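Sequences listed follow chains A and B, in order. Numbered according to our numbering, the first sequence spans residues 56 to 221. Numbered according to our numbering, the second sequence spans residues 53 to 339.
Source of the hints: derived by calculation from the structure; they are not laboratory data. Bear in mind that the values here come from a model prediction, so they are computed numbers and not experimental data. Do not rely on the hints blindly, as some may be mistaken.
[To be verified] Cut-off 25 Å, straight-line C-alpha distance, at most; resulting in silico cross-link-like pairs (PhoX-like, lysine-lysine): (1) B:K260 <-> A:K58; (2) B:K260 <-> B:K141; (3) B:K283 <-> B:K296; (4) B:K113 <-> A:K173; (5) B:K71 <-> A:K58.
[Stated by the list, open to error] Which stretches of chain A does chain B cover? Using the computed rule of at least three CB atoms under 8 Å from a CB of chain B, they are: (6) 69-77; (7) 102-112.
For each residue, glycine too, the CB sits at the ideal point set by N, CA and C.
Residue strings, one per chain:
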Amino acid sequence: MAKTHVTMKVNGAEVEGLVEPRTLLVHFIRENLQMTGTHIGCETTHCGACTVDIDGMSVKSCTMFAVQAQGSDITTVEGMANADGTLSALQEGFRMMHGLQCGFCTPGMIVRAHRLLKENPSPSEPEIRMGISGNICRCTGYQNIVRAIQYAAAKINGVEFQEAAE
Amino acid sequence: MIPGSFSYHRPASVADAVKLLSDLGEDARPLAGGHSLVPMMKLRLATPAHLIDLHGIAALKGISRDGNNLVIGAMTTQHELLASDEVAKAMPILHEAALLIADPQVRYRGTIGGNVANGDPGNDMPALMMTLGATYRLEGSGGARDVAAADFYQGAYFTALEPGEIMTSISVPVPAAGHGYAYEKLKRKVGDYATAAAAVVLTMSSGKVATCAIGLTNVHETPLLAADAAKAVIGTSLDAATLKKAAIAAEAIMAPAADARGPVEYRKHVGGIMVTRALQRAASRAK
Numbered sequence: 056m057a058k059t060h061v062t063m064k065v066n067g068a069e070v071e072g073l074v075e076p077r078t079l080l081v082h083f084i085r086e087n088l089q090m091t092g093t094h095i096g097c098e099t100t101h102c103g104a105c106t107v108d109i110d111g112m113s114v115k116s117c118t119m120f121a122v123q124a125q126g127s128d129i130t131t132v133e134g135m136a137n138a139d140g141t142l143s144a145l146q147e148g149f150r151m152m153h154g155l156q157c158g159f160c161t162p163g164m165i166v167r168a169h170r171l172l173k174e175n176p177s178p179s180e181p182e183i184r185m186g187i188s189g190n191i192c193r194c195t196g197y198q199n200i201v202r203a204i205q206y207a208a209a210k211i212n213g214v215e216f217q218e219a220a221e
Numbered sequence: 053m054i055p056g057s058f059s060y061h062r063p064a065s066v067a068d069a070v071k072l073l074s075d076l077g078e079d080a081r082p083l084a085g086g087h088s089l090v091p092m093m094k095l096r097l098a099t100p101a102h103l104i105d106l107h108g109i110a111a112l113k114g115i116s117r118d119g120n121n122l123v124i125g126a127m128t129t130q131h132e133l134l135a136s137d138e139v140a141k142a143m144p145i146l147h148e149a150a151l152l153i154a155d156p157q158v159r160y161r162g163t164i165g166g167n168v169a170n171g172d173p174g175n176d177m178p179a180l181m182m183t184l185g186a187t188y189r190l191e192g193s194g195g196a197r198d199v200a201a202a203d204f205y206q207g208a209y210f211t212a213l214e215p216g217e218i219m220t221s222i223s224v225p226v227p228a229a230g231h232g233y234a235y236e237k238l239k240r241k242v243g244d245y246a247t248a249a250a251a252v253v254l255t256m257s258s259g260k261v262a263t264c265a266i267g268l269t270n271v272h273e274t275p276l277l278a279a280d281a282a283k284a285v286i287g288t289s290l291d292a293a294t295l296k297k298a299a300i301a302a303e304a305i306m307a308p309a310a311d312a313r314g315p316v317e318y319r320k321h322v323g324g325i326m327v328t329r330a331l332q333r334a335a336s337r338a339k
């Protein structure tokens, strides 16, 4: 099958590549661009480990073809740090609250939470849980992931992070 | 899990998409949000030789008011439905149901046209569209035609869409002011298809049901309108005996498949419960 030339912006940099139409976006990112932060978990659009941010949307990159991303603006977990290289509020939250165990779901969780906080900077706990409902974690029971996002929301809003009473 | 090879087309107009579909014939499939089709392609359950990506067609997007109807472009996503004040105000049941479809990532990509046109009995929007009395606009090389949602579904994945046709918009009559509504969906987990679900739109007058429509999701190979169940509640105050009668009438037309969501009898039983709950919640919201 003839390959197609695609160009897009990934984490602020213009990238290009030759892909077959059937090349999934996640494979383009991992294999052509060698950015392996975006994970492949289930491959069936359930687990959310492959979530990337495309033109202001959280998208499961295992369910979209690279040719469809032609011309779009993509942010992966590699683009989540602050411009000066320090950890963003979300990354810091996941670290401080230990929002992970094995860490496999973490890239998708952080990229999804990034868009969630852009759309709703002060989410309630149920809103956070609904907001990350497309991301499966098989280790943690989500408690610390939710706290990590609450930590980030507090930091972004310039208020003190309050631990919820147990 | 890599899909089979295909040629990718991205037409810029409905006319170009229709022409591609009719020229390429049965080996071509339109691609909307792709959240049903792409997983099927990865499993090689679908192996189209040509994909006609509809994302480049601006005319297929957006929500507008046309008299007493909301006209929704087929490529409007569930996320856009959820963000629409017009939908939230005029048709809150559409907002409620869209929120129960899959998960946020899928809702950013999944389209209303893909949801209703695919003919998947598990999809939530078809029964809702039948309940609301919606009409689908289908366009092919011979021009456009309108088909009532209630006449569109002929079997699992089998619809009134003819080869070479695409769905371009959905026209939904705005329900009466003060109507009550509810979409009750039982599912095993967030993101799942319904074990059984029921949509109710009703109006009340002096404490009694004046008009009522009931739709059922995933309890048959097509979405269903539970006409007898709706008839049973009209003129009543939805007392316990009437609710039971309605649930029994709805269960009588259900023929779900036995699958991982449960055996037939269980799915019919919870289907009846969804009807009861939706009726009660809709009545409590009616003004």
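Now the hints, each set against the structure:
Distance restraint check for B:K260 and A:K58: the Cα-Cα separation of roughly 64 Å exceeds the 25 Å cut-off, and the hinted pair is therefore not satisfied. A distance of roughly 24 Å separates the Cα atoms of B:K260 and B:K141; the hinted pair therefore holds under the 25 Å criterion. Distance hint between B:K283 and B:K296 is fulfilled; the C-alpha atoms sit about 13 Å from each other, no more than 25 Å. Only pairs whose Cα atoms come within 25 Å are accepted, and B:K113 paired with A:K173 is accepted, the gap being roughly 24 Å.
Proximity of B:K71 to A:K58 is assessed by CA-CA distance (about 24 Å); at most 25 Å being required, the pair is judged to hold. Under the rule that three or more residues need a Cβ within less than 8 Å of chain B, the assignment of the segment 69-77 of chain A holds, with 3 such residues. Three residues within the 8 Å Cβ limit are the bar, and the segment 102-112 of chain A against chain B gives 3, so the coverage statement holds.
In summary, the structure is inconsistent with hint 1 from the numbered list given earlier, while agreeing with all the others.
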